[in-house]
Structures are given as structure tokens and as C-alpha cells.
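Novice: Below are the chains, spelled out letter by letter.
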Amino acid sequence: MPNVTIIALIVLLPLAAFLLLGLFGKSLFNKGGGIVATMMMLVSAVLALYTAYQYFFVYGSTGGVYHQCIPWQITWLQFYNGLSINIGFLVDPISVIMLVVVTFISLMVHIYSLGYMKGEGRLPVYFAFLGLFTFSMLGLVLASNIFQTYIFWELVGVSSFLLIGFYYNRPSAVAACKKAFIVTRFADLGFLIGILIFSFCANTLDFSTLIQRLTATGSNEVKTAATYSFMGISALSWGAVLVFIGGAGKSAMFPLHIWLPDAMEGPTPVSALIHAATMVVAGVYLVARLFPVFAIATPGVLQIVGWVGAVSAIIAAVIACTQTDIKRVLAYSTMSQIGFMMFALGVSNYGGEQGLGYTAAMFHLFTHAMFKALLFLGAGSVIHYVHNNDMAAMGGLRKQLPITHITFLIACLAIAGIPPFAGFFSKEEILLAAYQHNTAIYYIALVTSGLTAFYMFRLYFSIFWGKPYENHSAHRHGEGGFVMVLPLVLLAVGAAAAGFIPFGHFVTSDGSRLESSVHVQFSLLPVGLALAGIFIATWMYKTDSDRPARVAASIGGLYKAAYHKFYIDEVYVFITKKILFNGIGKLAAWFDRSIVDGLVNLTGTCTVAISRGIKKMQSGKVQGYALYFLAGVIVLATLFIYVWK
Amino acid sequence: MNLLSLILLPLLTAVTVLLCRGGQVKWVAFAGAVLQLALAVALMVAYSHQRAAGNIAQMLFQQQYLLFRGVNIGLHVGVDGISVAMVLLTSLVSLAGVLVSWKIEKMTKEFYFLLTLLALGAYGFFISLNLFVLFFFLEISVIPKYLLIGIWGTGRKEYSANKLALMLMGGSALILVGMLGLYFTAGHSFDILSIANMPIPANTQHLIFPFLFVGFGVFTAMFPLHTWVPDGHSSAPTAGSMFLAGISMKLGGYGCLRVAVYLLPEGAKQYANIIIVLSAIAILYGAFATMMQKDLKYMNAYSSVSHVGFSLLGIGMLTQTAVTGALLQMVSHGLMTALFFAVIGMLYDRTHTRMVGEMGGLLKVLPFISTVLFIVGFCSLGLPGLSGFVAEMTVFVGAWQTDDIFHRAATIAAAASIVVTAVYILRAVAQTTMGPVKNEQFLHLKDAAWYERLAAMLLVAAIVGIGMAPGWLADLLRPAAEIITNRIAGK
Amino acid sequence: MNELLTLMKSELVLTVLIFLLLFVKIGRGVRNEALLPIIQVLLLLNFIVGFFFNGEGSLFGGMFHTSSLIAFEKNILSLAVYLISLLFAGWLKKSQHMPEFFLLMITALLGMFLMISSGNLLMFYLSLELSTIPVAAMANFDLDKKRSSEGAMKMILSSAFSSGILLFGISLVYGATGTLAFAEIPAQLNGSPLQVLAFVFLFSAFAFKLSVVPFHLWAADVYEGSPIAVTAFLSVVSKASMAFILITVLYQVFKPLQSIWYNMLVLLAMATMVVGNLFALRQQNIKRLFAFSSIAQVGFVLVGISSNSTLGVASVVYFMLIYVFSAMAALGVAAVVSHHAGQENIDGYKGLYKNNKFLSWAMALALFSLAGIPPTAGFFGKLFLLAAGGERGAYWFITVAALNMIVSLYYYLRVVRAIFMDANEKPIDIIPLGNTERLGLVICGAGIILVGLAGGIFNFIQTLH
Amino acid sequence: MMQPGLYHILFISTALFFMGVYGFFTRRNLVTMLMSLELVLNSVNLNFIAFNKYVWPGKMDGLFFALFIIAIAAAEAAVAIAIIINLYRNHKSIDVNDAEDLKY
Amino acid sequence: MMNGSTIVFYLLALQTLGGGLLSVTTRQIFRAAIYLLFSLIGIAGIYFWLQYQFIAAVQIVVYVGGIVVLIIFSIFLTQQTGELLPKQRLGRKVFSALAVFCGFALTIVQIVQHKFTQANSDLSPVTVADIGKSMLGTNDGGYALPFEVVSMLLLAALVGCIVIALRSKPETT
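Protein chains in written order, with numbering that gives the first Met the number 0: chain A, 0 to 644; chain B, 0 to 490; chain C, 0 to 464; chain D, 0 to 103; chain E, 0 to 172.
Think of the hints as simulated: they come from the structure by calculation, not from any bench.
Here the structure is a predicted model, which is why all the values come from computation and not from measurement.
Hints should not be assumed to be uniformly reliable.
What the hints assert, rightly or not - A short, non-exhaustive set of chain A residues, derived as facing chain E with CB atoms under 10 Å:
| id | residue |
| --- | --- |
| 1 | Lys620 |
| 2 | Leu629 |
| 3 | Ala630 |
Glycine included, C-beta positions come from ideal geometry on N, C-alpha and C.
Throw the hints in and build the complete structure from the sequences for me.
Specialist: Pasting the structure below:
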């Protein structure tokens, strides 16, 4: 069994950093806050590596199968006997891998931020938020209970909100953080209802029990669940779809991706951490976590997952080809790559060779974390140097930023899938899985793969080649010193070498070992396409020319649509502003003030009106009073003599 | 544990407030509020201790005195988990209310007197086991509210105060009728525990239930009888709003549950669907209406309508989990909304505006207040780790237990509000605290003073405490809720 | 003879007081300032004596009857009169005819005592007149004011008219039953149409004095026109005595017609509450406001009376005790304000709180009690009335009553609002409050708070019979 | 025509009663209103005497009642006239329509 | 059969009702008073006819000698002579007539339908001595208490009248 204390420390150290810096940051360590947080993160990362080592190599597997284990769990909130939210640590291959990824990337970002964020006023707050984010993400990956996932899922959302909005006095940052939160929140609604459905069907919230109950054919729960359906779709499928919607929101899948490009308003290291390496893969992780349910109980939904992933991958790739803000290009590339992971899950089956997609997705998640973080951090160095995000303002930086240049190139090669860099291996497995299961998706993936290579090198050449960058300001600080270079180098090593890890030995859909091998003949086509993409990019962007403009003009409409992100943002704005805000919201507010409140006030007005109407009764004439008197007597007498005996 | 001390202590405080002069007043009120909190905590401890020791009586620490012999009316007090939680809530909010009013200058003595009276009413209400006494304490709180709004309020205060008093009075009129109906059908007794043992014919229950539920519903701002809420809150002084939303609206919810649902289970079954529809409407409609508000207080008032809808939804679902959730929501919303109003008050004291559009960038000048605003906003939109999440999730899970399309639809509609909530909360929080500083004068503002910090931290601590470790509160509430729902289930 | 002394003790004391005052008046030369305290003390003594040496029994062949309950009712009336002597001291001292005022008032009180003790329709009628005619004269005591004369005129004419109707009813009762004695009438009643007619005639006179809709129209005008002291006497003492005797008459004398008068009471109670409240809603003059509010209160009393049970009796007596305190306090403050600041309109009360905290709180307390809001006694009073009335299971009836409490709260709050909330550039200056007035208000305030919370009082009333 | 008896007298008294009432409703002069009221009271007296005579001759209740009514009527009239005269002094009119300041 | 007694009765009835009717309708105030007087005397006549001499005497003494005189004095005090009484609005008259008619019809119908237990009315007529004894009797059938009450009432009325009617001239300040 893994050591509970160590796992707890991995999770709690970032939380401690958050609390320490959040509550006392300003007064205790205004300057040194970053160092403290980084040290804590370092410990956490080391412990994570240690745990991984222990899990994979010391406890090992029994009969080649890595088992899930829950070293610690408490009942956090009991709903009724049998259903409760439990908080615990679920240790299995994917959570251990994620532990490593999250802590490692987070550590890199911490270190990098020491340099990048130097001179920012609210440094302790920044590191506190990083700590909070890391804590949430770790809680998410270790969750033993689907509700625990949801809890940390939300916390991840809020820390991303805080980090995107870190430059809170920039209106665009404020808008972006709101957008990110609300869009993912919308998706979370689906997740929540999905959880409710699952909990009702399985009568538990613990992953292991839940999966066990819902995947065992003939179990009571499955039978019961089968009796419920809505609109012709079984309850379980609804649950799975809704949970996937939650994942799609976090993972920026089409059409819930609109927040991701805007989220680049946050500090660049944050983008690296959250929007490249960790948070956005939460959706993938969630599907992977519930993979048996998807694969066994609701294979139809898995198809949807696959298609959503594929569509997202290609749409994002197309858009990425036209964007000029380097962070946005990277953002769309992230979306595209996550689409890869998603459809890899979608084209997988449960168990054995058929589960290759699953392994590939996790593998790609791992490698992608390395090179995407590297890309973002590299972009950060560039932005740090240029103080601008726009590709057009850059060029020829390979001399000024040599280390950045090299590492960035490695990352580009990795993402483009050029052997022997990490991306090649993982992407190869994904393509293989797609090829085996769904040819349509395979072809989409191939095209996307080519496009990936193209837009990455478009980015690379625009930054580091082309017309040399003019030095506008006197103040230059090169590559930002050791703290900024170190993460680049470490990540570059990862991006270059991670592909050689025999991932199938550790992570498979059913826990048993999976041997994967690279087939040269199969790899020719994708690698060729990638090289073609690189070549076109070289032709268009290596030297400053009007070729890009001409190409853009020649495909006209498509280019424009892609440049405007296929107008998806506009559709959203229409729905939210016009329909929800101005339509329903204003209607509700008006209805409340005018109709509901109006009715209440009307009661008062009516009473007063009646009161005014009958005032003539009190005429001041004593004879009139006597007349009423007599009339009263007569009426009463008649009533009680003749009518109401 | 003598429960009467919960009534006597505020009474003593109120009298002392009247007797002392000038600057002493607020210190006396403060001391009183602290003692109340201590008492409430002591009650909680003693209660848990008793339960842990295996005392399984439905109500603990009972005391009974016959007051009006001929009509069989007496003071009967006792607490279960629900009451304990509500008493704690009351003491917390009232202490915070005293603190945020520290700088009040107009008629200080009267202000604190009325505030203490309000707390007194709430304590009495929550510990009463006699309908008559319960009603007495419920009514006690109406006039202090009226005066607090009318004298220390802002804006259209007279109108709002009037509306509040009249609508609440209307509610109590209905309660009164229902109460008398119970009295006559249940053997001339107002005692909740003995009424509960009386067999009340189903059609009588159907007749009486609407009176009681709607009556208490007015207090808890049940749609469509919520219109006193926006006006009342927006006009009330800060502490007044805190009390109104934090405690008074809970009186209604507690009454709905303890009186209407508990005593009339058949009636509850009969009308459950209507309650569910109304509260689902309230949740969504309140949320949408909130989205359009420009005044922070109106915003929080409408969001209260929406949030309180969760309580009523939970009650309407009639399952143990949902009812527990409803109670959690009552506690959570009480703390959260009190804090929200406190923050709005602090902002208003400084910027002299409550319009969202006129603020901006306050995080820079008022970091503490803004941070609290963030926290309360996150609580409102149901962020895990804060109390709102726990309550809403419990309601959802409980609501999901009843498996037919109607209950499902209502639950989903209610759940959908978490998105709308996120929209309006973020909009408000972001517009006030983020972005560039809108007004040059804001740059000279001073952040929260010690009393404000204390008040805010008190409530934040409670919110976070419940959010992080909801188990103890849920365990406190669940057995009591179970007794109520078991009656409905006919167990 | 001994029996006469104990049973008629209260009446005899009053008679002695009357003659004392008569001699004082004839003797002249005593200044109001000197006389008033003496009178106050005498009235206080009268009140205190009311608690001792009470017997039970009948005198004069059943024409006079007393019991512990009746003695208590008399005490309530004595208390009210004592409070009048305290609260309206300012006006009384200025009055040219103070001894006569007290003489007439005590005579009227004597009439009421005899009325609630009466065991015979003749005695009832005579004592009713004894309690009415002097008050009509009192209503005219602001001799120079036309409004006072007008009020008095309306009162004497209306009440004479009502006496006429009453007498016609009594004559028919006499014709149909051959007796005037309360004890003998029930045996002769069989619900024949003539008896019903006679009962309606008779009842209308009660309704008139209690100002039950539609027999109420005189009340507001007279209350407004009269000096406030007389308004207080009329709206509190006179109504209370009438309610007491109405209970006796309905519960004992017309018991066989119970089904008829129950329905009649329900009908009239609702009409009274609604109309009284609706009229009160629009009033600007505070006396007139209280006039209509007192009409609405009577509606509630009828609710209690309709129960026809011991609880009904107890709740009515209890409510009346509370009503004495509440209405007296309210009118007392109104009198002080009117006397010193000349303000009788609600608008004139704006900002009263600024300079006159004591008066404002007294008024507020009284108003809350009238509105039936806890912790004031009015809450308990109203609640017991409704509880008594609800015994028959007429929920809609109780609902109407309860809803009326909302309307009444509205106009009571108007006054509260004027006092506490409305801004006024020239609020009423500090009003020098005499000690007697202060004492009166303190007594009322204490009563308003304690009578409700101390359950013993209600329990005590329930033991009376 | 038949032998006059109880019902004849009752008819007279009832008619007189409502005549008085009619007068009370329609006369505008306060004194004449008072006169109408005297008619009302007298009709009642007539009732009492008739009942005493024809229905309950053994007792004297009706007789005494009538006697006391006469006394009371005198007192009532005296006070009423005093009030009317005072009103006249204040207002120089005893038209009832001129005395309606207090209303609504 | 018409005998003298019957004729006398009908004449008295005519006098009473006619006097009453004219009294409430004539527009001359003095005539109204005189008609009232006629009516009251008619009633006294009926009392005589019923052999209640004592009450008839009281009727004449108090009413004719007292109240009517009081009324006439008050007319002198308050009325400009010779003027006709002002007319009442027609609407009021119509409504009053209607109400009065309904009331009369209702009452008379009930009275006629009711069977009064008619006793033998030829018992010995009440003597003044009987009345006197009863008047001051304190036992069953005694009227001492009402007598005292009336005396108090008269006292109070006296005081009230004195205060109101004999007020000193208002000080002209």
C-alpha cells in the first residue's frame, strides 16, 4: 500500500502554501513568498515521484495487473444510509501518472514564475492561487468518489477563474475569467446531473463500487437502471452523456471551447499550467476514470465522445492556422490535442489490445503536458522579452533567445509528431487505435496531424525567423535568468524523451500490461503529412514575404471564417445577451416588479379605493344615520324571520 | 442547560441597553451578543453531549409551564438538532449585526434595543414547542423590523417598511387561522408534541395545511409572496438586512417544516407538488430577476428569493435527504446572505452607492472587503468548500430520490440555476471589485475597520467551517429531519 | 341591610361620590387644581374598594344581581374612569365645569354598574339611559366649540332614537312573554317571528351602543366632536359595559334564540371589522381614526361573544381590560398632544419622537397593543377572542378577522410612521408632561405589557362566574 | 267595525311609532325631530299599557315601565333641548343640515 | 256593534294618529307642536279608555304640562317666528317613507300573526294605592330601585342642563 502520509503531504503542501500566502503573504513574505511556495511545491513533486516509483516498481503489480487501492477515505457528508460523499485517495495507474504530471508541471511553472512574475505587486497572492490550483487538481485526480471529483472540479474552476483574472484591472482579463467560469459552470451542470443519475442508478458515489455495479452485467443496479429511460435513451446513457458534457466543458471541447482562447488573458505561466497541461485534461481524465462505464455500459456514448473529440481537434487546428496571437495559437493547439486524447478514448474498447486508445490517450496526455507546457513557457519567455503577444510584432528572435529557441523547436517537433520526440509515440498510438476502430476519425486525425505541424511551424518561424525583431526599448533582460531557463530545459528533456516510456506497461484500460510497438509502415503517412506541413510552413513563413497573404486570399471564405473562429463566439453572445439577459432576465425582472408586486400593491389600492367609495355612508347627517339604523333593523329582522330561520 | 436563558439573556441585554447611555450602548449590545453566541455554542455542546450519551428523546432540555390554564396554553421549550442549528445561526448573525452597526449614530440606543429584540424573537421562536408561544415570538419580530427599516433605512423606506410589515402580518394572519384550526381539531392544545400524537383527519389536514404553509411561506419569501423581500432589504439598514435575510426568512422556513409539514403530513403530501413547482419557479425566476438588478441590495434580495427556493424545494420533496438539505440551506443561506449584506453595507458606507455600475476596481483599494465579497459570492454560487455547496448538493441528491419525471424536471430546473447564479454573482463581483477604478475618490477609501473585520471573519469562518466539514451539521440535522419525514412516510 | 351594603357596595360608593361632588359644586370656591387630586384619590379608592367585600346575590326581587365576574367587570370600568381622571388632567384643569364633569361621569358610571348588574329589562333600560344621557351632556362640555355641540346633538338624538327602537322591542318582549325579569324570559321564548323581531329591535340598541355596523354611524362623529376625555369614556368605558351586559343578555336571556343570534353576530362582526377598518384607513384626524378603530375592535369583541362559552366570556372581559389600557394610553397621548400642541391630525405628529420620546413610546406601545402585536397584551386579547370565536369551527370567519388585523395594522402604522419616521422641519416642541398624565401613561404601559405576559390574570378571569 | 281590543291599540301604537320615525327622518328642524321622538316614546307607552291591560293584567310591569319611560323622556328632552339651544347659540341655526361638519 | 265606548275609542285613535301625522308633516312649527299636543292628549284619552287613570294623569301632567311646554319654549328661543320649516330633500323623503313603510308592514304583520295570550281583562283596575306601594317596594314586584335610578338620572340631567344651557358668556379674549 502506498503511504497515506506521503500522499496527504503531496496534496496538502500546495494547500498549505495557499493558506500561508493567502492569509499572511503580504505581511510575512512579501518578496520571499514565491520561494517558499516553490520549495513546498518541490517537496510535493519529489514525493509524487517517489510515490510513483513506489507504486509502479516497489509494490508492483500482481500478475501484471496494477490494482486500485484506497489508502485513506472518510465520510465527508452522508446523505442517507448508503449514499455519502466520501473524501479519499484513490491510487491507481492513472492517478499516479497524473500526480506526477501535475506536480511536475506545477513545479516547473512555480520556478518559472519566480523569474517571469518578478516585480509584480501581488506576488504572494499569485503563488497562493497557484497553490490552490495545484491542490484542487491533485484532489481531483486522487478522488475516490465521483462527488469528490465534482468538488475539486469546481475548485479547479474557481482557481482558474482567479488566475485568469489575476490582472484584475484589465477589463479583458475580467471578461475572460468570467467567461471561463461561466462556460465551464454550464458544463458542470451536466456533470452534476450526470452524477445524480449515476448515484441514483448505482446507489453509491464511490468510483470503484459505482463502476463495479454498473458494469457487471446482470447486477441489480443495472437491471433497475435499465427500467428508466427518457426520450428513448436509457438513464445510464443520459448520465454518461451529461458527465461527458462536464468533461467537455473543462476540456474545452467543441462547442464548449470558447472560453479557452480568452483564458490566455492570465499570466503566461498560468496558461502553461492550467490551460495546457493540467486542468484542461481534467475532462479526459474524467472520461478515463469512468472508462469502464462508458465502454461497457454505454458504448453509444463513447462514440459521441470520439466524434466530439475529432471535431474539436480539426476545428481547433483550422482556427489555429489563422490566429496571430501566439498564445491563442497555442490555446487552439491545446484544444486540438485534447481532441486527440478525447477521440482516442472514444475509439477504445475495454480491455486488452482493444483498449489501446485508452492507453494512447493517457500517454498523449502525459507527453502533451510536457511539450505544451514547454511551448507556453517558451512563449512566455518571448512575450517577456517582446512585451507583446502578436506574431506580427516578432521575428528573428533566435539570436536573442537561443535557449528558448532550441527548446521551442523541440516542443514543436514533439507536437508535430516527428520521431523520436515524445509526441510522435503517443500520437502514433492514437492514430493506430483510430485506424483500428473508426476510419472516419482516423482520416480526420491525419488531416489534423498535418495541420498541427503546419501551424506549429508557422508559429515557430514567425517568432524566431523572418524579419529581425527591432529592439525598441533600452531595458532588456534576455531570457530572464536561471529560474526561467531551467524549466525550459527540463521540459525540453521531457518532451524529447518521454516517448520512450513504455506506457502500456503501466496504464491500460483494465490494468493488465499492453505491449505497443511502432510499425514503420503505418507511421509513414502521418509523419509524411507532418513533414509536409512543416515544409509548407517553412515556405510561407521562414522568410518575410507576402505568401501568407496570398494563400489566405486564395481560400478566402474559409480563412475568414477560421480567423473569426467560425463565429461561435458570436452565436454565444447572441444566446446569452439577447435571449437570456435581455429576454428572460429582463422579462423576469419586469414581471416581478410589475405583475407580482403590482398585484400586491393592487390589493392595497383596491382596499383604499373601496374605503373611499363607501365614505358617503358616513354623511354627517344624523337622520341618515338613523335611516341606516332602521334599515339595518329591517334587514336583520327580515333575514332572520323569513330567510335564515 | 436551561433553555430559558436563551430568552432571558437577550431580554436582559435589551433592558440594559435601554438603561445605559451614550457610548456604552454598543458595548453592552456587543457583550450581550457575545454571551448569546457563547450560550448557543454551549447549547450545541450540551446537545451533542446528550445525544452522544444516548439520549434519544425527540426534544431535549424540555421545560414546560402552563400559562393560560383554561385555554391550555403554556410555555413549552425544547430543542432538537434543527433548533440548535438555528439558534447557533441566530447568535452568529446577531453578533455580526451588532458589529457592523458599530458606527451607527442616529438613535443608537433604540437601534440596538430593536436589534436585540429581533434576536430575542428568533431565539424564542426556534426553541418553542408550543404553537402559541412560537407564534408570539414570530410576531414579536415584525415590529422591530418595521422600525429598523423605517427609521434607519434608506430610499423608499416608509413604503418598504409598510409593505414588509403588512405582508408579514398577512402571513401571520394565515398562520393564526391555521393554528387555531389545529388547536380545535387536535384536542384544544397548542403543544406541538401533543398535536403530533393526535390523529387529525386527512381532509382537515388538507384544509389547514395551506394556511400554515403559505403563512410561513410569506415569512420565508415564497414565490409569489416574496415581493416584500426586494423592497424590504434594499431599504433596510445593513444590520436590518442581515437580520431579515439571515434570520427572519429562516423563521418562515423553520415554521413551514416544524409546524406545517411535521404536524400535517397528509396535507404536506397533498400539496407537495405545488410547493415544488412554486419553489422551482422561485429558484429560476429569482435567479433571472437577479441578473437584471443594478443595485447590490436588490441583487442579493432577489438572489435570496432564489436561494430560499432551495429550502422550500427541499421541504417539498419530503425525503429525509432533501429536508436535511433544506435545513442546511437555511443555515448556509442565513450566514451567507448576512455576510453579503454586511459587505454591501461596508461598501455603501464608503462609496455611498450600491449601484454595481458605479463601482469598479475596489479590490485595489479595499482588498479585505473585496476578498470577503469574493468569498460570499463564491458561497452563493455554490463553490465547494463553502457552505452553499453542501446545502445545495444535499437538496439535489435528496430531490433526486423521488423517481418520476415531475420531480426530476423540478430538480433539473433548480440545478440549472447554479449557472444563472454564477452569471450574476460573477457579474456583480467582477464589476465592483475588478476592472479599473471607476471613481478617483475611491482611491482614498479606507479598508474595513476592526469591527467590520471581526464581523466578516466570524461569518466567513462559519461558512468555511460548514463548507469544509459539513458532517457535524448534517449529523445534527439529519435525525431531526428524519423524524419529520418518517411521519410523512407513515412510519 | 348588611346584604345591601355588600352587594351594592360599588354603587353606593359611587352615589356617595356623586353627592360629595354635588356639595362641592354648590359650595363653590374650590379651584380645579386643588380639587382634581382629591377626585383622583377618591376614584382610586373606588377602584381599590372594588376588590374587597364582594358578595354574590340578588336584591330587589332580582332586579339587581351581582357576582364575582360582575364585580370584576365593574373594577375594569372603575379603573378606566380613574385613568381618565389621570390622563386628561390637563384638559380637566382648564375646564370651567370640572366638578360637573366628574359628577356626570360618575353618574354614568353608576348607570353602567347598575346596567351590568341588572336582572330586569326595566332596570336595564333605566340604567342604560342613566349611562347615556349624562354622557351626551358631557359630550357638549367644550361649550364654545360647535363641533362639540354637534357631536352632543348627534349623540342625544341618535341614542334617543335607539332607545325608541329598544323600547319597542322590550314592549314586544313584554307582550310576548309577560315578564321583564331576565330569569323568567328564557322559559317563555320559543323563537316565534314576533320574538325574533323583538329581539332584533332589542339587539339593535346594543349594537348601537357598541357601535356595530350598520348602527355605528353616530360614533365617529361624536367621538371626534367631543372632548377627548369624553371620547375615551365613550369608546372604552361605555363600550366595555355594553359588551358585558350583552354577554349576559345573549347567554342567559336569549339563550333559546342562540342559533339566530350566533349568525347575526357573525354577520355583524365581519361587517363591523371590515367597515370600521376601511373607514379608519382614510382618516386624518387622530380622534376619528381611533373612533373607527374602536369600531373595528368591537367587531373582534363580537367574534369572542359569538362563541357562547365560558371562554368567550373570559376572553371578552380580558380583552376589555386590555383595551382599557391600550385605548386609554393612545387617547391620553392624543389628548396631551392636542392640548399642548394643538395637533389632532396625524400629519401633526410627524417627528414627535424627536422631542417627546416618552410620549412617542407610550403611543407606539398603545398602538401595537391595539393592533394586536406581541409582546403587548393586545396580542393575547385578540388571540383569545379569535380562539373563542373559532370554537365553532367557522374558519372563514376567523380568516376574515385575521385578515382585518392586517388592514388595522396599516393605519396604526401610519401613526407610528408619522411619529418615528417622517421628517418634519418643525416638529412638536418638548411637551411639558404633568405628573398625573405621566403616572397614567405608566400605568397603561405597565398594563399593556403585564396583562398579557402574566398568564395569571386570564386564569383569574376564567375562574370568575 | 269590531269591538276595539288589543290589536287595535297595537295597530295605533305601531303606526304612531313609524310616524314618529318618519318624522325623525324627514324633519330638518332639531326641535321638530325631538317632537317626533316623543311620538315614538308614546307609542311604546301605549304598547306597554295595552299589553298590561289585555295580556298580563295581573302584574304592573307594563304600567311601571310606561311610567318610567315618561320620566326618562322628560329628562332626555331636557338635555336634548339644552344641547340644541347651545348649538343654536354657537351656530345660530337649528337646522340639522347645518350641523354636519363632522363627517366621512 | 257600535257602542259608545267603541266610538270613543275610534275618535281617540283618529285624534292620536291624525295629530301625529300632521305633527310630523306640517311645515309650521307651532302647529306641529299643537298637533303633537293633540296626539298626546289622544293617547292620554286611550289610557282613560283603558281605565288606567293614573297613568293618563301622569301623561297629561308630564307631557302636556311639561315636555310640550318645554318644546314650545325652546321654539321661542330658537325660531324666527312665522317662517315655514325648510323642506327636506325629496330623495330623503322617499327613502324614509319606504323604510318606514317596510318597517311598519313587517312589524304589523308579525304582531297580527302572533297570538297573544289574552287574559280576562276585567280584573279590578289598578289603584293609585297599589301603584304607590309597588313603587317603593323593595321585594319582588317592588320598584324602589328603578325609582332611585330615575331620581339619579333626573339629577344628572339637571346638572347637565344647567352646565350646558346656562353657560356664562364666553370671555371675549
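Novice: Give a verdict on every hint.
Specialist: Going down the list of hints, with the structure as the test:
The beta carbon of lysine 620/A comes within 9 Å of a beta carbon in chain E, closer than 10 Å, and the hint placing it at the interface holds. Hint on leucine 629/A holds. Least Cβ distance to chain E is approximately 5 Å, under the 10 Å limit. Interface restraint check for alanine 630/A: the shortest CB-CB distance to chain E comes to about 6 Å, inside 10 Å, so the restraint holds.
Going through the hint list in order, the structure satisfies each hint without exception.
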